[in-house]
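A.B. asks: Those sequence lines, one after another, are chains S and W. Under numbering that gives the first Met the number 0, the first residue of the first sequence is numbered 0, with each subsequent residue one higher. Under numbering that gives the first Met the number 0, the first residue of the second sequence is numbered 0, with each subsequent residue one higher.
Hints were generated in silico from the structure; no laboratory data involved. You may find that some hints are simply not true.
A pair counts as met if it fits within one copy or between any two copies, since identical chains are not told apart.
Here are the simulated lysine-lysine pairs, BS3-like style, with alpha carbons at most 27 Å apart [unchecked claim]:
no.	residue 1	residue 2
1	Lys30	Lys106
2	Lys58	Lys86
3	Lys207	Lys97
4	Lys141	Lys5
5	Lys5	Lys15
6	Lys106	Lys141
7	Lys207	Lys184
Since we're looking at a predicted model, the values are computed, not measured.
Number of protein chains: 2
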Amino acid sequence: MIPKNKIAYIRSLHDKTNRISDGVFLVEWRKCMLEFMNSDFEIVEWFFTEELVLQKQYKFPYQIVTIGELARMTTLTSNDAGILLVKMLDHRVSKIKKDELVLVLDKINDPGNLWTIIRTADWYGISQIICSPDTVDCYNTKVLMATMGSFIRVSIFYTDLDQYLSEIQWKIYWAYLNGESTHTKDFSARWGYLVIGSEAHGISANLKQYITDRVTIPRFGLAESLNAGVATAVILDRMMG
Amino acid sequence: MIPKNKIAYIRSLHDKTNRISDGVFLVEWRKCMLEFMNSDFEIVEWFFTEELVLQKQYKFPYQIVTIGELARMTTLTSNDAGILLVKMLDHRVSKIKKDELVLVLDKINDPGNLWTIIRTADWYGISQIICSPDTVDCYNTKVLMATMGSFIRVSIFYTDLDQYLSEIQWKIYWAYLNGESTHTKDFSARWGYLVIGSEAHGISANLKQYITDRVTIPRFGLAESLNAGVATAVILDRMMG
Chain S
0 MIPKNKIAYI RSLHDKTNRI SDGVFLVEWR KCMLEFMNSD FEIVEWFFTE
50 ELVLQKQYKF PYQIVTIGEL ARMTTLTSND AGILLVKMLD HRVSKIKKDE
100 LVLVLDKIND PGNLWTIIRT ADWYGISQII CSPDTVDCYN TKVLMATMGS
150 FIRVSIFYTD LDQYLSEIQW KIYWAYLNGE STHTKDFSAR WGYLVIGSEA
200 HGISANLKQY ITDRVTIPRF GLAESLNAGV ATAVILDRMM G
Chain W
0 MIPKNKIAYI RSLHDKTNRI SDGVFLVEWR KCMLEFMNSD FEIVEWFFTE
50 ELVLQKQYKF PYQIVTIGEL ARMTTLTSND AGILLVKMLD HRVSKIKKDE
100 LVLVLDKIND PGNLWTIIRT ADWYGISQII CSPDTVDCYN TKVLMATMGS
150 FIRVSIFYTD LDQYLSEIQW KIYWAYLNGE STHTKDFSAR WGYLVIGSEA
200 HGISANLKQY ITDRVTIPRF GLAESLNAGV ATAVILDRMM G
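Sequences are here, hints too, so could you generate the full structure?
C.D. replies: Here you go:
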C-alpha cells in the first residue's frame with residue numbers, strides 16, 4: 000500500500016513548478032516507462048501494477064500499486080502500468096557540447112511544436128536543444144509520450160538565452176522571414192546554433208544582436224508562415240545535406 | 000430570433016456525416032469568418048452577433064443572433080462573432096487540375112497533421128490535396144481555424160485513391176523509408192503526385208502498385224520516423240528548389 004503522503008507528493012509533480020524545484024519528473028505510460036528503464040536516466044522510484052510485473056521479472060526495487068492508487072497518482076485518464084519518478088538531467092549549460100549543431104528554441108509554447116522538434120532533432124542527429132525558460136516544459140507527460148523515444152537521446156536545457164548566446168563565438172543562425180535563402184546558403188560547417196522563435200512573435204528583440212546569419216525558407220505560395228516544427232525540419236534538412 | 004429547428008439543423012452540422020450529406024459546413028471564428036467572406040466559397044447563411052455588425056456595415060443578408068442562441072449553435076466554447084453556413088467545394092475528382100504537383104494523403108487521421116499539411120502546401124504553392132475517405136475531415140472547425148487562411152487557397156478532395164491513382168499516367172512519388180534519397184533525387188519536373196501515408200501504417204497495400212518513385216528523407220540520427228506533416232514539408236522543399 001502506498002502511503003497517502005507519497006501519493007500527495009507524486010500528485011504535486013503534476014505541476015511544473017514542483018517538478019523543477021525537486022528536479023524530478025513522472026514517466027507514466029508503459030512504452031515510455033520501458034524506454035526510460037533502458038536509458039541512462041536515473042530512476043528514483045518505481046511503481047508497477049501487478050499486471051506489469053506479471054509480464055516480466057523486473058530487477059528494479061519496485062513497489063506494487065493498485066489500479067485505484069495509481070488513478071490518484073497518474074496524469075493519464077487510463078494507466079494500467081505504473082509510474083516512475085525520474086531525475087531530470089543536469090541542466091547546467093556548462094554541460095552543453097559546443098562542437099556540433101545545437102537547436103535553440105525561444106518561446107515555443109505549443110507542446111505539439113516541442114515534441115515535433117525533439118523527434119525531428121533526433122532524426123537529424125541533433126543531440127542538444129536549449130530552450131528559453133518560457134518555452135513549454137519538456138517534462139510534461141504529453142510531450143514525453145509524443146516524442147516516441149527521442150526524448151532519451153536528445154538533451155534539453157532551459158536557460159536564459161540572452162546570457163547564453165552573448166558568450167557564443169560560433170555561427171548563430173536564425174530562421175527569419177527576410178534572410179538568405181536556405182536553398183543557396185552554404186551550410187557546409189554543420190555546426191553552430193540554429194535559433195527558432197515562435198510563429199506568432201518571432202524571437203525576442205534582445206537576442207537579435209547575437210545572430211550572425213539570417214536564413215529563410217523560400218516560399219512558392221501564399222501562406223503567411225510555416226509551423227515552427229515544420230520550419231525547423233526543413234532547415235535542418237538543408238543544413239545536413 | 001432564430002427558429003428552434005434552424006438551431007437544431009446547425010447543430011446537426013457538428014457531425015461530419017451530416018456535413019457531407021448536405022454539402023455544407025460551419026465557419027465560426029471571427030478571423031475565419033472574415034477569410035471566408037473574402038473568398039470564392041459560396042456562403043449559404045450568415046449569422047452575426049450585434050457586436051460583429053457594429054464593427055462594420057456588412058452588405059451580406061445576415062441574421063442577428065444573440066450570444067445565447069449562438070452558444071447553442073457553435074462548436075466553440077466561446078464565440079462572440081457568429082457563424083456562417085458555407086457550401087463545400089465541388090469535390091468531383093474530374094475537377095482536379097493535372098499539370099501541377101498534387102499531394103495525396105492516405106489515412107492521415109490526426110487533425111494536427113492535416114492542418115500542418117494544408118498550411119505547408121500553401122507555402123509551397125500546392126493548390127490541390129486529394130485525401131482517402133478515411134483521412135480526417137478537413138471541414139471540422141479545429142482544422143479550419145488552424146490552417147490560418149490557407150484553407151481557402153488549397154482545394155481538398157476526398158475520393159477512393161485506388162480508383163483515382165489507377166488512371167494516372169504521371170509520376171507518383173511515395174514518401175517511404177527505403178527509397179531514393181530526396182537529397183539526390185532529380186525533381187526537376189515539379190509535377191506529378193506525392194503520396195503521404197500515416198506514420199503508423201504507411202500507405203494502403205493496394206496503392207503500392209501505382210507508385211513510380213519511392214523517395215526517402217536521409218536520416219542522420221536515431222528517430223524511427225518523422226511526423227507526417229514534417230515529412231511532407233521536407234520533401235516539398237526538395238521538390239521545389
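A.B. asks: If any of the earlier hints don't hold here, list their numbers in rising order.
C.D. replies: none
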